[in-house]
Amino acid sequence: MMVIKNSKFYYWGLLAIWFVLCIYVLVSFLFHPSAQSGGEVSLKFHLEMLVLTFPLGYLAGLVMGLLFNLIAKVGLEPSIIFGPHFNILITWVAMIIIGFLQWFIWVPKLWLWIKSKRKEKVV
4 MMVIKNSKFY
14 YWGLLAIWFV
24 LCIYVLVSFL
34 FHPSAQSGGE
44 VSLKFHLEML
54 VLTFPLGYLA
64 GLVMGLLFNL
74 IAKVGLEPSI
84 IFGPHFNILI
94 TWVAMIIIGF
104 LQWFIWVPKL
114 WLWIKSKRKE
124 KVV
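Our numbering numbers the first residue of the sequence shown as 4 and each following residue consecutively.
Calculated directly from the structure, the hints in this document are not laboratory data.
A couple of the hints might just be wrong.
[To be verified] Label pairs and their calculated CB-CB ranges:
hint, residue 1, residue 2, range
1, TRP15, HIS88, 40 to 46 Å
2, TRP15, ILE100, 17 to 23 Å
3, SER119, PHE85, 44 to 50 Å
4, LYS118, HIS88, 27 to 33 Å
5, ILE108, VAL30, 24 to 30 Å
6, GLY68, LEU18, 34 to 40 Å
7, LEU46, LYS118, 37 to 43 Å
8, VAL30, LYS122, 14 to 20 Å
9, HIS88, ARG121, 18 to 24 Å
10, GLU123, ALA75, 50 to 56 Å
11, LYS47, ILE100, 19 to 25 Å
What you are looking at is a predicted structure, and each value in this text was computed from that prediction instead of being measured.
For every residue, glycine included, the Cβ atom is placed at its ideal position computed from N, Cα and C.
Please model the complete structure; the sequences and the hints are all you need to start from.
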C-alpha cells in the first residue's frame with residue numbers, strides 16, 4: 004500500500020470534500036418541497052452551513068441576516084425582485100467565502116506560522 008505524504012494532496016482533497024458538502028447543503032435546500040415556506044428547512048440549511056463554516060460562518064450568517072433585515076425595514080425586499088431563494092443564495096455565498104478563507108487560507112497560514120515559531124525556539 005502506498006502512503007501519500009504530500010500535504011497538497013490532503014489540502015485539495017479536503018477542499019473538494021468541503022466544497023461538495025457545501026453544494027449539497029444548498030441543493031438539498033433548493034429542491035426541498037417546503038423550501039418556499041422556510042421554517043425547519045431554512046433552519047436546517049443554516050445549521051448545516053454553520054457546521055461547515057464554524058466559527059466565522061456564524062458571524063457571516065448573522066451579518067447577512069442583519070443586512071437583509073435592515074433592507075426589509077427600508078422597504079426593499081430583494082427576494083420579491085430576484086426570487087424567493089435570493090436571500091439564501093447570498094447568505095450561502097457569504098458563508099462559503101468566509102468558510103473558505105478561514106479553513107483553507109488563514110488556518111493553514113496560522114499553522115505554518117506556529118510551526119516556524121516552534122522551530123525558532125528549538126534553535
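Evaluated hints:
1. TRP15 to HIS88: 40 to 46 Å: At roughly 30 Å between Cβ atoms, HIS88 and TRP15 fall outside 40 to 46 Å, so the hint is violated.
2. TRP15 to ILE100: 17 to 23 Å: 18 Å, holds
3. SER119 to PHE85: 44 to 50 Å: 46 Å, holds
4. LYS118 to HIS88: 27 to 33 Å: Once the Cβ atoms are compared, 42 Å apart, the range 27 to 33 Å for HIS88 and LYS118 is violated.
5. ILE108 to VAL30: 24 to 30 Å: 25 Å, holds
6. GLY68 to LEU18: 34 to 40 Å: 27 Å, violated
7. LEU46 to LYS118: 37 to 43 Å: 39 Å, holds
8. VAL30 to LYS122: 14 to 20 Å: For LYS122 against VAL30, whose Cβ atoms are near 44 Å apart, the range 14 to 20 Å is violated.
9. HIS88 to ARG121: 18 to 24 Å: Since HIS88 and ARG121 have Cβ atoms about 47 Å apart, the given range 18 to 24 Å is violated.
10. GLU123 to ALA75: 50 to 56 Å: About 52 Å separates the Cβ atoms of GLU123 and ALA75, which means 50 to 56 Å holds.
11. LYS47 to ILE100: 19 to 25 Å: At roughly 21 Å between Cβ atoms, ILE100 and LYS47 fall inside 19 to 25 Å, so the hint holds.
Of the hints listed earlier, those the structure fails to meet are numbers 1, 4, 6, 8 and 9, in rising order.
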